[in-house]
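Enquirer: Next come the chains, spelled out residue by residue.
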Amino acid sequence: MENNRNAKWAAYTRGTHRIGRICTVITLILLVGAPFLMGTYLGALPDLGAVAKAFLAVGLVWTVSSVVEFLIYTPMLGAGGGYLAFITGNLINMKIPCAVNARDIVGAKTGTPENEIISTLSIATSSLVTILVLALGVLLLTPLQPILQSEALQPAFENVVPALFGAMAYKYYRNHMNVAVAPLVLMSALFILVPSLISSTSMMIIPSGALAIGIAWLLYRKQKKGV
Amino acid sequence: MTILSQLNAPPIYLICGGIIAFVAVLCVIFLIRAWRAGLALGMDKTKMKRAITASATFSLLPSVGILLGVIALSGSLGIPWPWLRLSVIGALHYETQVAQTAAEQMGMSKLSAAEMTPGSFATIALLMSICIMWGMILSVFFNKKYTQKLTVKENKTGGGFGDVAMTAMFIGLVSAYMGSYIGGFVSGKGRFTFMGDWTPIVVAAVSALVMPGFVYLAEKKKKAWVESFSVAGSMIVGMAAAVVLGLLVK
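Same order as they appear, the protein sequences are chains A and B.
In case it helps, the working numbering puts the first sequence at residues 1 to 227.
In case it helps, the working numbering puts the second sequence at residues 1 to 250.
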């Protein structure tokens, strides 16, 4: 029985990597090919020299950021969720909190098949919702534009991420206050003293996360010794 | 024919819409495979349904926010390309920045339809694709090894610290953003001037204050279904607070 279950799981995982890799490569080709295809239609192909220059100006920063994102987020997302999330994007402001929230609601543990399933279900659903909302939005762009761009509603849409992290902060801080205090205080102090770092918040996740993991490790060891 | 009407022409819609459709199909395939695998492993159907419902409600509001990004970029890049970028792979904060830099490299003073040519559009579009593709490339080469290594480690240690570490990492992520809101208010307009934008702090605080209500209903009143809507519900109230604040301050 257990062997059968393991065999099924191994087959599923193999399939996930195969489909994930093939589809990621196809998506890459489509995304890089699209500007050439559109350029052919428009009668002007991309200027590769300008692309190379601009890549050196801004692309290298994003390359480093992508490596960091891959290393940090893949363990949170699992295999299937990882492939999908890197294809569909909007990681920090949606996919990561979404998968973590789903995992939390279901009570799945990291590194388990259950976590892998829940994470994939979550990322796939989230991506489909975004695709649907954007497709509907584009379809109804003319009637929606005045509402969405109305001056009164702008503060709401400018603060989607604080609203998201506020709710998530309560959810995670309430049971782990001993882990959360130090990174919160340190990050606040750092951003107050060096405000220019605010534009690099996504990179500051690394020291903040490392500190939280360090504290969690100390508490974990202490708890284990106490048992 | 203006540049925007060229960029909004049916063939451009077809190219971008086709890629979006491909990714949508891919999501459906992953969704169905994961659902079936979950059932084969004996996972609780209700749990899986809750994960899907929670993720759908969770994603609704941020998606509307992303739609605003499409609208913002459509004035200079047309509708189909921003629609593709933000439906697939893109990130709201990234697209504008890269498009702007690419425009400057093309000799444009700013990203605008007035200065856009078919050639500059194709160049900007290519740069937007290239700059953010590394996560996908790394996934192709390292996702398998990396996730397998994590699973093995988990089994060896008996499933303990890996889970704690992931929660801690997420706490670190949230703390970095919370710190940035506090720092933005205190020193955003000069160190210790307390003149920066305080709306994000208020929005985060309101959202965090509403959350216990949902937790109370879910945990104490045993209304488990509420949990699926807790984050989305808290976000709506937090965002509504931003609107009220905007009206009051104005």
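Keep in mind that a hint or two might mislead.
Said to hold, decoys possible - Facing chain B, from chain A, some residues (calculated, C-beta under 10 angstroms):
no., residue
1, Y41
2, A54
3, V100
4, L132
5, P143
6, L184
7, G209
To be verified - Derived Cβ-Cβ restraints for the label pairs, each shown as a range:
no., chain 1, residue 1, chain 2, residue 2, range
8, B, K189, A, A210, 27 to 33 angstroms
9, A, L219, B, K45, 44 to 50 angstroms
10, A, A189, B, A224, 35 to 41 angstroms
11, B, R191, A, R5, 54 to 60 angstroms
12, B, G107, A, Q145, 37 to 43 angstroms
13, A, L219, B, L14, 36 to 42 angstroms
Unchecked claim - Derived list of chain B stretches under chain A, where covered just means 3 residues or more per stretch with a C-beta under 8 angstroms from a C-beta of chain A:
no., region
14, 23-33
15, 94-102
16, 109-119
17, 124-138
18, 227-234
19, 237-245
I should point out that these hints are in silico values taken from the structure, not numbers from a laboratory.
C-beta: ideal position from N, C-alpha, C; glycine also.
Enquirer: Against each hint, give a clear statement of whether it holds in the structure.
Expert: Consistency of the hints with the structure:
1. Interface hint at A:Y41: satisfied, since its Cβ lies 5 angstroms from the closest Cβ of chain B, which is below the 10 angstroms cut-off.
2. Interface restraint check: A:A54 against chain B, minimum CB-CB distance 4 angstroms, threshold 10 angstroms, status holds.
3. For A:V100, the suggested interface contact is upheld, since its CB lies about 5 angstroms from the closest CB of chain B, less than 10 angstroms.
4. Here the hint on A:L132 is kept, as its CB sits about 8 angstroms from the closest CB of chain B, short of 10 angstroms.
5. Interface hint status for A:P143: violated, as the beta-carbon distance to the closest one in chain B is roughly 12 angstroms, over 10 angstroms.
6. For A:L184, the shortest C-beta to C-beta distance to chain B is roughly 4 angstroms, which falls under 10 angstroms, so the interface hint holds.
7. For A:G209, the suggested interface contact is upheld, since its CB lies about 3 angstroms from the closest CB of chain B, less than 10 angstroms.
8. Between B:K189 and A:A210 the C-beta distance comes to about 30 angstroms, which sits within the given range of 27 to 33 angstroms.
9. Restraint check, A:L219 to B:K45: a C-beta distance of roughly 35 angstroms breaks the suggested window 44 to 50 angstroms.
10. Taken as a hint, the range 35 to 41 angstroms holds for the pair A:A189 and B:A224, whose Cβ atoms sit roughly 39 angstroms apart.
11. In this structure the supplied range 54 to 60 angstroms holds for B:R191 paired with A:R5, their Cβ-Cβ distance being about 59 angstroms.
12. Remark: the range hint 37 to 43 angstroms for B:G107 to A:Q145 is contradicted by a beta-carbon distance near 30 angstroms.
13. Range check, A:L219 to B:L14: Cβ separation about 55 angstroms, and the 36 to 42 angstroms hint is violated.
14. With 9 residues having a Cβ less than 8 angstroms from any Cβ of chain A, the region 23-33 of chain B passes the three-residue criterion, so the hint holds.
15. A stretch counts as covered by a chain when three or more of its residues have a beta carbon under 8 angstroms from one of that chain; for the region 94-102 of chain B and chain A the count is 5, and the coverage holds.
16. A stretch counts as covered by a chain when three or more of its residues have a beta carbon under 8 angstroms from one of that chain; for the region 109-119 of chain B and chain A the count is 3, and the coverage holds.
17. Proximity of the region 124-138 of chain B to chain A, defined as three or more residues with a beta carbon under 8 angstroms from a beta carbon of that chain, is established by the 13 residues found.
18. Given as covered by chain A, the region 227-234 of chain B passes the check, having 5 residues with a CB less than 8 angstroms from a CB of that chain where 3 are the minimum.
19. Restraint check on the region 237-245 of chain B versus chain A: 6 residues with Cβ-Cβ distances below 8 angstroms, three needed, restraint holds.
Checked against the numbered hints given earlier, the structure breaks hints 5, 9, 12, 13 and satisfies all the rest.
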